[in-house]
Each structure stands twice: as structure tokens, then as C-alpha cells.
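J.: Listed below, chain by chain, are the residues.
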Amino acid sequence: MEHPLMKRIVELKERNYADYGQYDYAPKDFEDAMDNYDKLLDITGDINANIIGPNSEDVDAEGPHCENGRVRYASKTYENLDATIKAGLCGMTMPRRYEGLNLPNVVYTAANEIIAEGDAGFENIWSLQDCIETLYEFGDEDQRRRYIPRVCAGETMSMDLTEPDAGSDLQSVMLKATYSEEDKCWYLNGVKRFITNGDADIHLVLARSIEGTKDGRGLSMFIYDKRNGGVNVRRIENKLGIHGSPTCELVYKNAKAELCGSEKLGLIKYVMGLMNGARLGIASQSVGAEQAAYEEAINYALDRKQFGKEIINFPAVYDMIARIKAKLDAGRSLLYMTARYVDIYKCLDDISKERSLTPEERAEFKKYSKMADAFTPLAKGMNSEFANESAYDSIQVHGGSGFMLEYKCQRVYRDARIMSIYEGTTQLQTVAAIRYITSGFYEGIINEYAQEPVAAEYAPYAERIAAMFEKLKACTAKAKEPANQEFLDLCSRHLYEMTAYVIMSHLLLQDVQRNADLFKKSLVVFMNYAESKVEEHCNYITKLDVDQLDAYRQE
Amino acid sequence: MGLKIIVLAKQVPDTRNVGPDAMTPEGTVNRAALPAVFNPEDLNALEQALRLKDANPGSTITMLTMGLPKAAEVLKEGLYRGADEGVLITDRALGGADTLATSYTLAQAIKKVGDYDIILCGRQAIDGDTAQVGPQVAEKLGLTQITYTEEIISIDKEAKKIVAKRHIDGGVETVEGPLPIVVTVNGSAAPCRTRNVKLVWKNKNAEFPAWGAADIEADPMQIGKAGSPTNVKAVKSIVFKAKENKTLTSSDADIEGLIVELMESNTIG
Numbered sequence: 001m002e003h004p005l006m007k008r009i010v011e012l013k014e015r016n017y018a019d020y021g022q023y024d025y026a027p028k029d030f031e032d033a034m035d036n037y038d039k040l041l042d043i044t045g046d047i048n049a050n051i052i053g054p055n056s057e058d059v060d061a062e063g064p065h066c067e068n069g070r071v072r073y074a075s076k077t078y079e080n081l082d083a084t085i086k087a088g089l090c091g092m093t094m095p096r097r098y099e100g101l102n103l104p105n106v107v108y109t110a111a112n113e114i115i116a117e118g119d120a121g122f123e124n125i126w127s128l129q130d131c132i133e134t135l136y137e138f139g140d141e142d143q144r145r146r147y148i149p150r151v152c153a154g155e156t157m158s159m160d161l162t163e164p165d166a167g168s169d170l171q172s173v174m175l176k177a178t179y180s181e182e183d184k185c186w187y188l189n190g191v192k193r194f195i196t197n198g199d200a201d202i203h204l205v206l207a208r209s210i211e212g213t214k215d216g217r218g219l220s221m222f223i224y225d226k227r228n229g230g231v232n233v234r235r236i237e238n239k240l241g242i243h244g245s246p247t248c249e250l251v252y253k254n255a256k257a258e259l260c261g262s263e264k265l266g267l268i269k270y271v272m273g274l275m276n277g278a279r280l281g282i283a284s285q286s287v288g289a290e291q292a293a294y295e296e297a298i299n300y301a302l303d304r305k306q307f308g309k310e311i312i313n314f315p316a317v318y319d320m321i322a323r324i325k326a327k328l329d330a331g332r333s334l335l336y337m338t339a340r341y342v343d344i345y346k347c348l349d350d351i352s353k354e355r356s357l358t359p360e361e362r363a364e365f366k367k368y369s370k371m372a373d374a375f376t377p378l379a380k381g382m383n384s385e386f387a388n389e390s391a392y393d394s395i396q397v398h399g400g401s402g403f404m405l406e407y408k409c410q411r412v413y414r415d416a417r418i419m420s421i422y423e424g425t426t427q428l429q430t431v432a433a434i435r436y437i438t439s440g441f442y443e444g445i446i447n448e449y450a451q452e453p454v455a456a457e458y459a460p461y462a463e464r465i466a467a468m469f470e471k472l473k474a475c476t477a478k479a480k481e482p483a484n485q486e487f488l489d490l491c492s493r494h495l496y497e498m499t500a501y502v503i504m505s506h507l508l509l510q511d512v513q514r515n516a517d518l519f520k521k522s523l524v525v526f527m528n529y530a531e532s533k534v535e536e537h538c539n540y541i542t543k544l545d546v547d548q549l550d551a552y553r554q555e
Numbered sequence: 001m002g003l004k005i006i007v008l009a010k011q012v013p014d015t016r017n018v019g020p021d022a023m024t025p026e027g028t029v030n031r032a033a034l035p036a037v038f039n040p041e042d043l044n045a046l047e048q049a050l051r052l053k054d055a056n057p058g059s060t061i062t063m064l065t066m067g068l069p070k071a072a073e074v075l076k077e078g079l080y081r082g083a084d085e086g087v088l089i090t091d092r093a094l095g096g097a098d099t100l101a102t103s104y105t106l107a108q109a110i111k112k113v114g115d116y117d118i119i120l121c122g123r124q125a126i127d128g129d130t131a132q133v134g135p136q137v138a139e140k141l142g143l144t145q146i147t148y149t150e151e152i153i154s155i156d157k158e159a160k161k162i163v164a165k166r167h168i169d170g171g172v173e174t175v176e177g178p179l180p181i182v183v184t185v186n187g188s189a190a191p192c193r194t195r196n197v198k199l200v201w202k203n204k205n206a207e208f209p210a211w212g213a214a215d216i217e218a219d220p221m222q223i224g225k226a227g228s229p230t231n232v233k234a235v236k237s238i239v240f241k242a243k244e245n246k247t248l249t250s251s252d253a254d255i256e257g258l259i260v261e262l263m264e265s266n267t268i269g
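Chains as they are written, first to last, in the working numbering: chain A, 1 to 555; chain B, 1 to 269.
Errors might be hidden in some of the hints.
Unchecked claim - Derived pair list, reagent style EDC-like, types lysine to aspartate or glutamate, alpha-carbon separation capped at 16 Å:
no. : chain 1 : residue 1 : chain 2 : residue 2
1   : B       : 204       : A       : 31
2   : B       : 198       : A       : 364
3   : B       : 204       : A       : 201
4   : B       : 198       : A       : 24
5   : A       : 86        : B       : 139
6   : A       : 86        : B       : 54
7   : B       : 204       : A       : 29
8   : B       : 202       : A       : 11
9   : B       : 202       : A       : 19
10  : B       : 202       : A       : 142
11  : B       : 198       : A       : 38
12  : B       : 202       : A       : 99
13  : B       : 204       : A       : 38
14  : B       : 202       : A       : 141
15  : B       : 202       : A       : 32
16  : B       : 204       : A       : 32
17  : B       : 198       : A       : 201
18  : B       : 198       : A       : 211
19  : B       : 202       : A       : 29
20  : B       : 204       : A       : 42
21  : B       : 198       : A       : 406
22  : B       : 198       : A       : 67
To be verified - Residues from chain A that face chain B, not an exhaustive set, calculated with beta carbons under 10 Å:
no. : residue
23  : 34
24  : 39
25  : 42
26  : 141
27  : 546
28  : 547
29  : 548
None of these hints come from the bench; they were simulated from the model. Note that CB positions come from ideal geometry on N, CA and C, so glycine has one too.
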């Protein structure tokens with residue numbers, strides 16, 4: 001929130017505070033807006049501490065129910081929903097003319113992180129309101145007027161993309177959309193699977209509207225309104241974690257739907273937008289899980305005594321907690337930097353619909369849109385992996401108790417497991433990022449970061465980051481050199497992580513110079529950790545050879 | 001049809017954080033030394049008011065609080081949750097009031113508001129724990145009262161009728177009463193909802209009318225210290241021990257003996 005880019009973000013989001021005077025809850029200037037954001041996060045924290053957090057154990061134990069083709073949430077999920085609706089935490093980023101809160105993504109992301117810390121399963125239901133961004137961006141004005149105020153009033157959403165034979169590969173989606181000339185509307189028929197919050201009030205559905213097509217170009221995006229009926233829940237999946245969130249199999253039987261945007265752009269344009277938003281959402285959910293893992297670990301270690309003292313005094317224990325904390329701070333920095341980039345380009349994109357951008361704004365849009373695109377897979381992939389590692393370590397700090405269902409750390413561990421899988425596995429985040437590695441785009445950003453002034457006391461850290469960067473460049477050259485795609489793909493995860501560690505180290509170095517008290521310890525720990533990880537990956541790639549590919553291939 | 005609802009709220013010292021300087025040498029609460037909070041059961045009352053407002057479109061909630069200027073914070077908290085307006089009753093002349101003077105003052109302020117169907121307040125405040133102010137306000141206004149309320153089941157403005165569930169020893173009872181009425185709400189009623197983002201943003205700089213003794217046409221002899229027959233003799237921390245238990249029969253002699261004993265120790269009388 002204190003980042004220098006914030007001023008620009010708020011000025012763009014608030015169109016120079018044009019809503020002031022027109023809406024009684026609009027801010028009059030930057031300070032007023034920042035104060036509003038603080039107050040919103042206070043309320044979110046309050047609900048998390050007093051309602052969502054305390055309810056989470058019961059929600060996890062009960063889970064949702066499937067009754068007569070409908071979902072009935074765990075009973076305390078309704079309490080959570082009621083609290084977030086009464087608090088008005090709905091339509092977070094939507095403009096005020098549709099009754100939204102007009103928040104920047106950064107603030108929405110922070111609220112999301114807070115809720116995920118309390119209950120990652122409930123966070124899924126709550127944060128799916130974010131799908132409204134896609135409807136706002138690509139729907140027509142009539143659709144915006146009909147649907148956005150409903151979401152701002154607390155109605156829930158889902159994005160119905162995957163099917164039994166179309167998971168990571170969404171091009172294979174088969175759900176059929178047929179236009180009826182007689183009724184002047186579309187009808188959907190088929191089955192969707194693994195749909196989070198599948199019994200939501202408003203669905204965005206990916207369906208095949210061009211008969212006979214087999215790839216992404218025949219797919220379009222539809223809006224299904226539960227009030228019209230036609231979609232039933234066949235079953236709810238029995239999952240390892242995020243029990244609060246119903247994962248549904250849906251049957252569409254002549255479900256009336258309306259087209260969102262243009263035909264054929266469903267996958268290629270709209271879902272890509274939807275997924276980038278969802279990935280940022282999972283990145284913040286992951287940071288929430290990292291925070292939960294940290295709190296559980298440190299609180300237990302401060303309290304638990306063995307060998308005559310609290311276990312936090314043992315290096316073997318505090319080492320684990322220090323790493324959880326360092327990764328949390330670095331991962332969080334990466335998350336919010338991504339959210340800032342997203343904010344700037346999205347605001348400019350929105351403004352471009354109201355008036356034409358100036359040449360400077362156009363350049364700004366282009367720059368940040370690419371930055372957001374490049375950073376989203378890093379933030380999602382790294383944080384979801386950190387969430388898993390930290391949840392594992394948090395249980396380890398608890399010893400045998402951590403294996404017992406009474407302790408929250410085991411739930412965090414179960415909940416975190418999906419984070420590196422859904423909305424694109426870490427492997428797919430690597431695919432999304434690799435082109436920015438090979439094209440030298442990240443290299444350019446890292447060079448820019450390296451130009452930032454560094455206080456004398458932190459100069460040694462800057463040198464260490466520069467050394468890591470040299471290793472990354474050497475490894476990138478090595479991976480590209482044989483001009484063999486399979487070899488490059490095999491190296492990509494290593495290059496991806498090296499890139500992320502260099503960038504996170506830079507961000508933490510920037511943070512520490514803004515607030516030494518908060519980040520000094522994490523900088524020390526994270527740099528040691530990042531260097532050893534970079535060294536590990538560097539060693540791996542150095543030893544790897546095209547001739548070894550056969551040893552890796554599995555039959 | 002919309003209801004005119006009045007909620008009486010009090011800012012109280014947070015008795016969860018009592019320190020050695022919690023009392024003044026005069027035996028009254030040292031408000032400056034303790035963090036101030038919204039009296040918990042008044043929040044329960046506010047929630048009942050908000051539910052009435054939700055269910056009866058067009059209703060308005062006016063909050064009244066008596067206290068130092070900073071007591072306006074509870075009025076703001078009320079607006080943050082959905083109350084429509086607030087009035088601060090503040091005046092040096094009101095200081096040192098006991099329940100008698102407080103209820104007189106509140107009743108005078110309610111008369112100034114004039115138009116109301118229901119007055120809600122918490123059962124009691126966590127600083128005095130008397131549970132007297134609500135009932136005394138009802139008495140002074142000549143209204144019926146329902147105390148220890150857990151839930152308002154229905155309200156009918158046309159028929160001027162309210163049905164509420166009240167907490168009694170070992171259960172609940174459902175009672176009916178006429179409008180207008182005073183309802184005191186028990187801590188076992190639904191907790192108050194959280195602040196609403198839009199309302200917080202809208203009202204964060206809200207200011208409230210301040211009514212002094214003259215504004216509510218109060219008799220100077222019935223307010224503040226002058227209007228308060230209660231005098232605190234001493235405040236002691238008493239720890240009960242098992243050996244102090246006594247078993248009394250229901251005979252007149254035993255009861256009389258107990259009354260005499262309690263009067264001698266100034267516990268009553």
C-alpha cells in the first residue's frame with residue numbers, strides 16, 4: 001500500500017476523484033482513498049478474526065451437501081456469507097455506477113489474502129465474485145446493468161470451464177451451445193466437471209457454439225442465470241482439502257443462456273482474461289495460506305516446551321520458521337507487485353473505452369500489460385509452491401501434534417495442496433513464463449530493478465543479486481544453445497525458479513529500504529535461501545545435456 | 001409501514017482492561033484511564049433495531065447517547081452498521097449522574113425526539129451493571145416495557161402490537177405488548193452485525209447534534225450529581241470463599257436475619 005506506484009493506481013482508478021460529490025461513499029483525494037482502503041481491510045480482518053476463522057474448523061468437518069440437484073453449503077458457510085454481504089464486501093472492484101466499491105486490484109488482493117488466511121475454502125466462494133470483471137470487460141451495457149448490481153449485492157458466481165475430458169486442455173471443451181431462432185436465445189447441453197461453487201447464482205460458461213469445430217476457435221462464453229433453471233448439480237467431489245468450497249459436476253439440460261461478448265472468442269480472449277484474474281486470486285489465496293502456516297508454527301513454537309524451554313529457542317526449529325517467514329515476505333512482495341501492474345494496465349484499458357489514451361498512456365498501458373502478463377505466472381506458481389512447503393514445515397514444527405486433526409496446521413496443509421494445481425498447475429505457469437525468459441523480457445525488468453538506487457548498507461545484497469542474475473543468464477544461454485525445444489522444456493522449471501528468486505530478492509531489497517523494521521530479517525534469510533536455490537538449479541542445468549534426454553524420458 | 005426506532009447506547013469503559021486507577025477517589029469510574037467501547041448489550045439492541053429496519057422498509061433508527069463528547073464514537077459505530085442518525089446528549093451539568101438522573105435525562109431527550117414506536121436498549125451496561133436505566137426510562141415515559149429480550153418475533157405498527165421472546169430463568173417466554181414500548185435486550189440475543197464498508201466510508205466524518213440540559217428542558221435538580229441520590233461509599237474487591245456459604249431456610253426469621261445482615265454491611269439499604 002505504501003508503494004510509490006499506489007498514487008498512480010488510485011488516480012487512474014478514481015479518474016482523478018470524479019465520483020466525489022456524486023456518490024456519498026466516494027473519496028475526495030488520495031489520502032481519503034487510502035484511509036477508505038485501511039478501513040475496508042480493518043473490517044475484513046474483523047470478520048476473519050471473529051467469524052470466518054472461528055467457523056473454519058466446523059466448515060471443514062461438515063463440508064457442503066448435494067440435495068435434489070442443489071448445493072447446500074456447510075451451515076456455517078451461510079454465516080460467513082451473511083457477514084461478508086452485510087459488511088458490503090461485494091463487487092469489490094466494480095465501478096460505483098453499478099453499486100461497486102471501485103477498489104484497485106491491490107486492495108482486493110489484500111482482502112482476499114486475509115479471508116484465505118482464515119479459511120481457504122470459503123475464500124473460493126467469496127473470491128469468485130471476481131468473475132464479474134470478465135462480464136464487465138466483455139459483456140454489453142445491458143448485461144452489465146442486469147448482472148453487476150446483483151453481484152455487488154452479494155450474489156455468487158462460478159466459472160464453468162472444465163469437463164471430464166477438458167482439464168488443462170480447454171480446447172477440448174464439448175458442452176454444446178445451440179441458438180434457437182424461435183426463442184431468440186441460446187441453450188446449453190452437456191456436462192461440466194470440477195466446477196468450484198457450481199451452484200452459484202450467476203455462471204460464466206465456456207461452450208462450443210460452432211458445430212463441427214474441435215479446437216478453441218469454436219468456443220464462446222455464455223452467461224447462465226440460475227433463476228432461469230436448467231443446470232443441476234449431479235454430485236459434489238470428495239476432496240483432500242478446501243472442504244468449504246463445493247466442487248461440482250453439473251448437468252446442463254436445455255439451460256437458457258446468453259452470449260457474453262462475441263462468438264468464437266470464448267477461449268482465446270475471454271477465458272485468458274478470466275484465468276489471469278483467477279491466477280492472481282490463487283496467488284493471494286496462497287499467500288493467505290503461507291500466513292496461516294506461519295502463524296500456526298510460531299504460536300505453537302512459542303508455547304510448546306521441550307527439554308526445559310520453548311522449542312522456538314532451538315535453531316532446528318527457528319530455522320524452519322525463519323524460512324517460512326522469509327518466503328512469505330518475498331512471495332507477498334511478488335504478489336503485490338503483480339497486482340500493481342495489473343491495476344495500471346486494467347485501469348488504462350477501462351479508460352480507453354471512455355476516451356482515447358494519450359501516446360504516453362498508450363505506452364504505459366503496453367508496458368504494464370506485458371509486465372502483468374509476465375508476473376502473474378511467477379506470483380501464482382511460486383506462492384502456491386511456497387504455501388505447500390510452508391504448510392509442510394508448519395506441521396513439522398508441531399511434531400506429532402501437527403498430524404492430529406485438532407490442529408489447524410494440518411488443514412492448511414490439505415488446503416494448500418490444490419493451490420499449485422488449480423487455475424493452471426505450476427508446470428503450466430512455467431509454460432506461460434518461459435517465453436518471457438527466452439525473449440529476455442524478465443532480463444530487461446531485472447536490469448531496470450538493478451538501476452534503482454541502493455543505500456550503502458544494502459550494497460552487498462545488490463551485488464549478491466547481481467551474481468545470481470549472472471548465473472541465470474548463463475543457464476538461459478545454455479538451455480537455448482542446442483536449439484532443442486524438448487531440452488529447453490526440461491530446463492524451463494529451473495529457469496523459471498531462478499528468475500523468480502532473482503526478482504523476489506530485488507523486491508525484498510526495495511521493501512527493506514522502505515521499511516527496515518519489517519523486512520530486515522527476512523532479507524537476510526531469504527537471500528541465503530534464494531542463493532542456495534539458484535545454485536542448485538544452476539548446478540542442475542550445468543550438468544544437464546541434450547544427450548541425457550533419453551535417461552529422463554519415461555515409458 | 002416504516003417504524004420510528006430509537007436506540008439508547010452507552011459508551012462504557014472496557015472492563016476487560018481494568019487497571020489500578022480504574023476508580024476515582026470519589027468512588028466513580030475513572031473513564032479517562034480505561035479504553036472506551038460500545039456497551040456490548042447495546043450492540044445486541046442495535047442489531048434488533050437493524051433487523052426491524054431490514055424487515056420494515058422505510059424505518060429509521062435514531063441513536064441517543066449521553067456522555068462526554070467522545071461518546072459520539074458509539075453514534076458513529078451505529079451509523080456504520082445502518083442507523084440513520086444520532087444525537088449526543090452532553091453537558092457538564094449531566095456529570096456524575098446515577099441511574100435515576102440518567103433515565104430522567106434520556107426520557108427528556110426522547111420526548112424531544114417526539115415521534116417513536118419502539119425504544120431499544122441493552123439490558124445493562126458493563127460499567128454499572130444495574131439494569132435499571134431501561135426500565136426507569138419506560139417508567140418515566142409511562143410506557144410498557146419488555147426486559148431481557150432475546151428476539152423480537154413480530155411487530156405490527158397498524159395494530160400497535162409487538163411480540164417478543166424474553167430470557168427467563170431456565171427458559172424463554174413469549175410476550176405481547178403495545179406500541180410504543182421500551183425493549184431491553186439481553187446479551188444472549190443475536191450479536192450485532194459488523195460495520196458496512198460503504199456506510200463507514202460515507203459516515204467516517206459524520207458530526208452529530210449535541211443537546212445540553214437546556215435543549216431537553218431538563219430540571220437542574222433532577223440531572224447530574226444533584227439529581228443522583230446514589231452515593232458510593234467504597235469499592236472493594238471481594239473474593240468469595242467456600243466457607244462463607246450459608247444455607248437459609250424460607251422461614252421469616254432467617255430472611256429477616258439476612259436482610260438485617262445485608263443492611264449492616266451496606267450491601268442494601
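J.: Hint by hint, say whether it matches the structure.
T.: These are the hints, each one checked on the structure:
1. A threshold of 16 Å between alpha carbons decides the hint, and for residue 204 of chain B with residue 31 of chain A the separation of about 13 Å falls inside it, so the pair holds.
2. The hinted pair formed by residue 198 of chain B and residue 364 of chain A fails the criterion: a straight-line CA distance of about 32 Å is larger than 16 Å.
3. Between residue 204 of chain B and residue 201 of chain A, the direct Cα distance comes to roughly 33 Å. Violation of the 16 Å bound is thereby established for this hinted pair.
4. For the suggested pair residue 198 of chain B and residue 24 of chain A, the alpha carbons sit about 9 Å apart, so the restraint of at most 16 Å is met.
5. Between the alpha carbons of residue 86 of chain A and residue 139 of chain B the distance comes to roughly 35 Å, so the proposed pair goes past 16 Å and is violated.
6. Of the pairs offered as hints, the one joining residue 86 of chain A and residue 54 of chain B holds, with about 11 Å between alpha carbons and a cut-off of 16 Å not exceeded.
7. Distance restraint check for residue 204 of chain B and residue 29 of chain A: the Cα-Cα separation of roughly 15 Å lies within the 16 Å cut-off, and the hinted pair is therefore satisfied.
8. For the proposed pair residue 202 of chain B and residue 11 of chain A, the alpha carbon gap of about 20 Å is over 16 Å, so the pair is violated.
9. A threshold of 16 Å between alpha carbons decides the hint, and for residue 202 of chain B with residue 19 of chain A the separation of about 13 Å falls inside it, so the pair holds.
10. The straight-line distance between the Cα atoms of residue 202 of chain B and residue 142 of chain A is roughly 28 Å, outside the 16 Å bound, and the hint therefore fails.
11. Our distance criterion of 16 Å between C-alpha atoms is met by residue 198 of chain B and residue 38 of chain A, whose separation comes to about 13 Å.
12. The hinted pair formed by residue 202 of chain B and residue 99 of chain A meets the criterion: a straight-line CA distance of about 14 Å does not exceed 16 Å.
13. With a CA separation close to 12 Å, the supplied pair residue 204 of chain B and residue 38 of chain A stays within the 16 Å bound.
14. A hinted pair counts as satisfied when its Cα atoms are at most 16 Å apart, and residue 202 of chain B with residue 141 of chain A does not qualify at roughly 27 Å.
15. The straight-line distance between the Cα atoms of residue 202 of chain B and residue 32 of chain A is roughly 11 Å, inside the 16 Å bound, and the hint therefore holds.
16. Pair hint residue 204 of chain B plus residue 32 of chain A holds up; C-alpha atoms about 10 Å apart against a cutoff of 16 Å.
17. Simply put, residue 198 of chain B and residue 201 of chain A have alpha-carbon atoms about 23 Å apart, too far for the 16 Å limit, and the pair is violated.
18. Between residue 198 of chain B and residue 211 of chain A the CA atoms are separated by roughly 47 Å; this puts the pair beyond 16 Å, and the hint is violated.
19. Of the supplied pair hints, the one linking residue 202 of chain B and residue 29 of chain A holds, its CA atoms being roughly 14 Å apart against a limit of 16 Å.
20. For the given pair, residue 204 of chain B sits about 14 Å from residue 42 of chain A by alpha-carbon distance, which is consistent with the 16 Å threshold.
21. Proximity of residue 198 of chain B to residue 406 of chain A is assessed by CA-CA distance (about 38 Å); at most 16 Å being required, the pair is judged violated.
22. Between residue 198 of chain B and residue 67 of chain A, the direct Cα distance comes to roughly 36 Å. Violation of the 16 Å bound is thereby established for this hinted pair.
23. Hint status for residue 34 of chain A relative to chain B: violated, with the closest Cβ pair at about 12 Å, above 10 Å.
24. The interface hint given for residue 39 of chain A holds, since its Cβ lies 5 Å from the closest Cβ of chain B, which is under the 10 Å cut-off.
25. Taking 10 Å as the C-beta contact cut-off toward chain B, the hint placing residue 42 of chain A at the interface holds, the least distance being around 8 Å.
26. Here the hint on residue 141 of chain A is broken, as its CB sits about 23 Å from the closest CB of chain B, past 10 Å.
27. Taking 10 Å as the C-beta cut-off, the interface hint given for residue 546 of chain A is violated, the closest approach to chain B being about 57 Å.
28. With its C-beta approaching chain B no nearer than about 61 Å, residue 547 of chain A sits outside the 10 Å limit, and its interface hint is violated.
29. Taking 10 Å as the C-beta contact cut-off toward chain B, the hint placing residue 548 of chain A at the interface is violated, the least distance being around 57 Å.
The structure fails hints 2, 3, 5, 8, 10, 14, 17, 18, 21, 22, 23, 26, 27, 28 and 29 (numbered hints given earlier, in ascending order).
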